[in-house]
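Chains as they are written, first to last, in UniProt numbering: chain Y, 1 to 409; chain X, 1 to 409; chain Z, 1 to 409; chain W, 1 to 409.
Some clues are possibly wrong.
The list cannot tell twin chains apart, which means a pair is met if one copy fits it or any two copies do.
DSSO-like mimics (lysine-lysine), calculated; alpha carbons at most 27 Å apart, straight line [said to hold, decoys possible]:
#1 Lys257 with Lys221
#2 Lys221 with Lys363
#3 Lys408 with Lys231
#4 Lys385 with Lys363
#5 Lys363 with Lys408
Hint data in this document are derived by calculation from the structure and do not stem from the laboratory.
4 protein chains.
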Amino acid sequence: MSDIKKVVLAYSGGLDTSVILKWLQDVYQCEVVTFTADLGQNEELEPARAKALKLGIKPENIHIEDLCEEFVRDYVFPMFRANAVYEGEYLLGTSIARPLIAKRMVEIAKQTGAQAVCHGATGKGNDQVRFELGAYALNPNIKIIAPWREWDLLSREKLLAYAEKHGIPIEMKHKQGGSPYSMDANMLHISYEGRHLEDPSAEAEASMWRWTVSPEAAPDKAEYVDLEFAKGDLVAINGERMSADKLLRKLNELGGKHGIGRLDLVENRYVGMKSRGCYETPGGTILLKAHRAMESITLDREVAHLKDDLMPRYASLIYNGYWWAPERIALQALIDHTQQNVNGWVRLKLYKGNVVVVGRDSKTDSLFDPTIATFEDDAGAFDQKDAGGFIKLNALRMRIAANHRARKG
Amino acid sequence: MSDIKKVVLAYSGGLDTSVILKWLQDVYQCEVVTFTADLGQNEELEPARAKALKLGIKPENIHIEDLCEEFVRDYVFPMFRANAVYEGEYLLGTSIARPLIAKRMVEIAKQTGAQAVCHGATGKGNDQVRFELGAYALNPNIKIIAPWREWDLLSREKLLAYAEKHGIPIEMKHKQGGSPYSMDANMLHISYEGRHLEDPSAEAEASMWRWTVSPEAAPDKAEYVDLEFAKGDLVAINGERMSADKLLRKLNELGGKHGIGRLDLVENRYVGMKSRGCYETPGGTILLKAHRAMESITLDREVAHLKDDLMPRYASLIYNGYWWAPERIALQALIDHTQQNVNGWVRLKLYKGNVVVVGRDSKTDSLFDPTIATFEDDAGAFDQKDAGGFIKLNALRMRIAANHRARKG
Amino acid sequence: MSDIKKVVLAYSGGLDTSVILKWLQDVYQCEVVTFTADLGQNEELEPARAKALKLGIKPENIHIEDLCEEFVRDYVFPMFRANAVYEGEYLLGTSIARPLIAKRMVEIAKQTGAQAVCHGATGKGNDQVRFELGAYALNPNIKIIAPWREWDLLSREKLLAYAEKHGIPIEMKHKQGGSPYSMDANMLHISYEGRHLEDPSAEAEASMWRWTVSPEAAPDKAEYVDLEFAKGDLVAINGERMSADKLLRKLNELGGKHGIGRLDLVENRYVGMKSRGCYETPGGTILLKAHRAMESITLDREVAHLKDDLMPRYASLIYNGYWWAPERIALQALIDHTQQNVNGWVRLKLYKGNVVVVGRDSKTDSLFDPTIATFEDDAGAFDQKDAGGFIKLNALRMRIAANHRARKG
Amino acid sequence: MSDIKKVVLAYSGGLDTSVILKWLQDVYQCEVVTFTADLGQNEELEPARAKALKLGIKPENIHIEDLCEEFVRDYVFPMFRANAVYEGEYLLGTSIARPLIAKRMVEIAKQTGAQAVCHGATGKGNDQVRFELGAYALNPNIKIIAPWREWDLLSREKLLAYAEKHGIPIEMKHKQGGSPYSMDANMLHISYEGRHLEDPSAEAEASMWRWTVSPEAAPDKAEYVDLEFAKGDLVAINGERMSADKLLRKLNELGGKHGIGRLDLVENRYVGMKSRGCYETPGGTILLKAHRAMESITLDREVAHLKDDLMPRYASLIYNGYWWAPERIALQALIDHTQQNVNGWVRLKLYKGNVVVVGRDSKTDSLFDPTIATFEDDAGAFDQKDAGGFIKLNALRMRIAANHRARKG
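Based on the provided sequences and hints, a complete structural model is requested.
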């Protein structure tokens, strides 16, 4: 361990990472660089600076960064081009933030001459994998410190005792047990795990949800919203063009207001167990629905089906932490290639938890051809007789087989 | 054409198939056997008998059958085992009824000595393909008559004129133009296409929907419902075991009441064009959500992912009319094999268009292991140190590549 | 038909397309533009000019083009980047030439103001589909004339009679029945179908094969050859850099000499029937083996597996005629993306039908890391203890399931 | 460790596993049960008994079993039904033996009351994963001892010193350095890794190969052989029905004689590195070729393509050690389902490394229909006009898109 002189710690300013900070100083006897990222989790980050200073971190070693725009533009939006959903339900809100944090940690390590990076993710979860696969892919020689896999502070009592002993400020909420949930948030979503949720047969408590109102409490009047897309990415809401960051914030506001994007599921972790999680993804839920609708009139059928066939694989790659792996990048090349014509607008109706597509159009790229699709007289645009041959040849192999079976008796 | 002496006609009793009936008698000069199936479309079928008699069909040539139980048990339920959704949205309500109709037509043809079958599906749509691929797969030598691809009655005016000339009763609604939509219904869904919907940018009219109330008009109070599954199939609702037919009717009732299952989309037809359709699938929407939740605690991760990877292909097969094809049957063998442990119950909350999973459990087959999943002390059930090696080896290929890139410079 | 004033005919100069030429003049009463492509089929093309002139084609309407370099560079090589093989065996020699012919026909039609294109492919085969899908994709309004689906000259006797009647020169070989096989050739392969081969239980006649010697007749001494790749494409043989065209000619020469690349198989045609074909693909067989070996040390594992998973789909697209379809192009974007590091060389031993890889290396891009792979002491490059955790977590879901089964009894 | 009283050791009788045996007695101080399996590796197994006795194993603790028939029937044949090939080349000879060994180890542990199993596979390879995933899947609570990941005998010198010190007989070959290769054999194949092969650019030494003659040394005269299949499995050679075991032995004999089945490749291990291996799979190479040919006339096209699409995944599962995983078993259900009609015979020509299919037929299940496939007059079996509509509708989406592009300009 003596070869680690400096370490970059992903530091939230909370109790757990403050304990880790202290523990690194004690056990590894190394200089600690803190890295605190604003990913839109709706938390004040300056207190993290004050706390880091108090714990003896040099001012120049404290890195607090606003990554919101980069996060949405370079991670969230590319993922939504793929309509990525894990196991049919989960919108990958936690998963997609990890690669960016891993990247910045490795970059800050390089910049500050640190040999190692350190994170506060548990040894049972997916996040450790996502952080570390990302870090290794970007710097194969980086050292990684994962305290939860190393130390013996495995109970809350031990952690609090350690904090007390080392003069780490403990807020009242931690003394009282704090939130009953293990939570994670960024601009795409907030997640809840643990405690009450560990019984998958029990309904989540109404008080748990933080970002959305319940459908019951949402407005009684529906709201219409127009989303505009360019090359598969959202570019404007109700005619107003905004940065990626602002667009997602706006969608979150709309979704939160209308009770949209709550999810309660049991998922399969990469490390092998099933786990129950609850999520709020208000803006993402709206965006996914709209993007699919946008594609429905602008993508060729077989391209859309190819994307659908590959989507679960792509989603698993992100869930499992392979954002920086060459196979994710290769799939992204295909996905991005398909989005060049995904331009136009989608109209949605938001109402008490529902996101309903009510209209979609593309001035430049619609493949919907009303002269062919019509149930009215199409003036010869489509020769119905063609269907006879189409069916006959598609049936041929089955007819040969059926004839064979008949002969066989 | 002289080799067709007798033909089985898929007969609804409506104007179109009545015109076809007459046209077959005229043009093919053959005996017509009518086949009218009750698939839960919520229509009286006895009028079809009266009308057929009036059009000169012999009583013994009129076949009216209640296929509801067979439909749900042998077609709808097997499809839901696969969580089949076409193009991310469509629950395949029309598609799944066609194979059963094709099968009964071929069987009745055999039983009555008919050489041909005839249907009233348009030459532009998917249904002709589904009927005919099914018929050919089951009887490779059957003749198929598809009047819309043969005759010249391509406008509504010509059709009405033909009807009038041949004494086919025309109801007032047809004279007035009838429904503005082309509709299809069976116990799984009702669909709307055409007219106003041919502009995909325009919202569907509120008056169009028939099976569900709007979310706005749904009760202000949520309703909880418990669904019980055995081998992947729904077997009981709120503790009451019922036949497949009754179960789906009950789900439809619940969904209809709570404004669940409306869908407005643009889909890609097998014959090559995009088409806009609106659907109400109240019970199916509930069932799909519940089945996925049931699988979430009873299916192995990799089995679930295998199913997810194959699902779009399976759904396309059904959409395109390949129910009776050997590849659909091979996939079904895999899917059915996976369902043996899909036993337990799911609790749902229904509220104004929302189907929310709030709990799930399986006394016999839950793979959710709280002793391992817990965020609390797990008493050694999971050794967090294992994760280090897991990550290291999964990262190895990326580290080798990164080292290589670094050397390459 | 009167709207077709000019038609571009894919003209080989042989009997069949000469009859078609005449038939077009007679039946369509239109001006005929002939297009004869040199794709490396090893045939003199100037006789086609003389024959066309004799049949009344204006000199300026005769197009004879050497497409060899374009064919190999833009069609064969991109396909080999994917390691495309149809149904586990067939190297797609015929399939890959059709898109280029279709493209040139459409371009010549545009350039000459022709409304239609015409080909001599049978109505039972794949080639008609490939020509026509290509033509339609490139010019949706082109008219296509497929005489074999229109005329009644369906027997060889009728064809000869027509030729005789219209003064089309009939070579002796045709009078004597000609080759017993239906053949197609281009620089990638030569194919044989029909006659004797229509009994798939019977061995092909030794006299049939034209491009390769039999393994028995090949040299008794093996020959070593070094192939060099850049970005997945062959660029040099035995150190000599050549154009794509020359490289494939050289491989064909080597393969032909050593009895390499004969194939006898039953394949599934897109139009629905099984068909028996024999193929000689001497150069392609060598190239495929070498390309796979090149990738084996330069491609990441998961990228290689992704390519393997997608390959059958890509191959089917080409077989079925979808070269110009957007889904093929999207897949190609992924495939080409993966090839940037496929650089290096492969050493092969050629001997009596065998292509044996005996060595491969990449100075710039080898991911083979001997310090890790070694069975000897690796000085800590790989920590074997990591494997324990790797296995434990990969086994976890199966252990949970097994424990569950045990409890269930 | 004190909870391990008894351990089942996979014991070959060679130096390595003898050292392990001793080491277990020393370090774990437990009773050792030896398990030696005859999988057709062509080695005398009785010496293993003598050696075990000499090392203090009780006679009743020595298990030597002939598993040849079970191996071929229940592992090799099911795998060949899938045409499984890893990374386009490797026939999975080592991989497929591991699940059976794992199963027997777990069964013997249960029968003898052992708490643990132990194997001699290195911590860098695939075999440890295969053994252990199998063992865990079959008994989730089994303890596994992997000495190579635990001890410090990591060099050959240390191993020999340990053996000498503990009185383990060292054969002359080990003193002289032994084989230059790390080898594994069973009835399906023999493999070579390490030493000279660790340079993938260097040709394997001619003296390495043991089971096959070189093509050069093979007979100058080809040999024909007829293979008969029932439900996808080989059942007879040249008309002689034999047990699975005998059939594969016979194929190995034929392949070995004719220089068939040598392979030299670089593969991607599950643990993350590339590795160079050479393989001889004489019988398997013949069997794979024949099985594909058998399927070519008996399998429906889309079923065959479904199998091809899934094959790489199935092969990876076996390569990675997931034979006993539920997803492999689910895939097997599909694969076995498809094999019911794979009945008939295939004729092969074996000559100097070449396996050439020259004929195939199935009296009961051929889907090859000569009346349709024929190039001659088919008397209306296939209406060529049908192809027009088939192509038109398949082209429709591309024509709509092309028209759109043209309008867009």
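Taking the hints in turn, this is what the structure says about them:
1. Lys257 with Lys221: both (11 Å within a copy, 19 Å between copies)
2. Lys221 with Lys363: neither (30 Å within a copy, 42 Å between copies)
3. Lys408 with Lys231: between (55 Å within a copy, 16 Å between copies)
4. Lys385 with Lys363: Neither way: lysine 385 and lysine 363 sit 31 Å apart in one copy and 38 Å across, limit 27 Å.
5. Lys363 with Lys408: The answer is between: 10 Å across copies meets 27 Å, while 57 Å in one copy does not.
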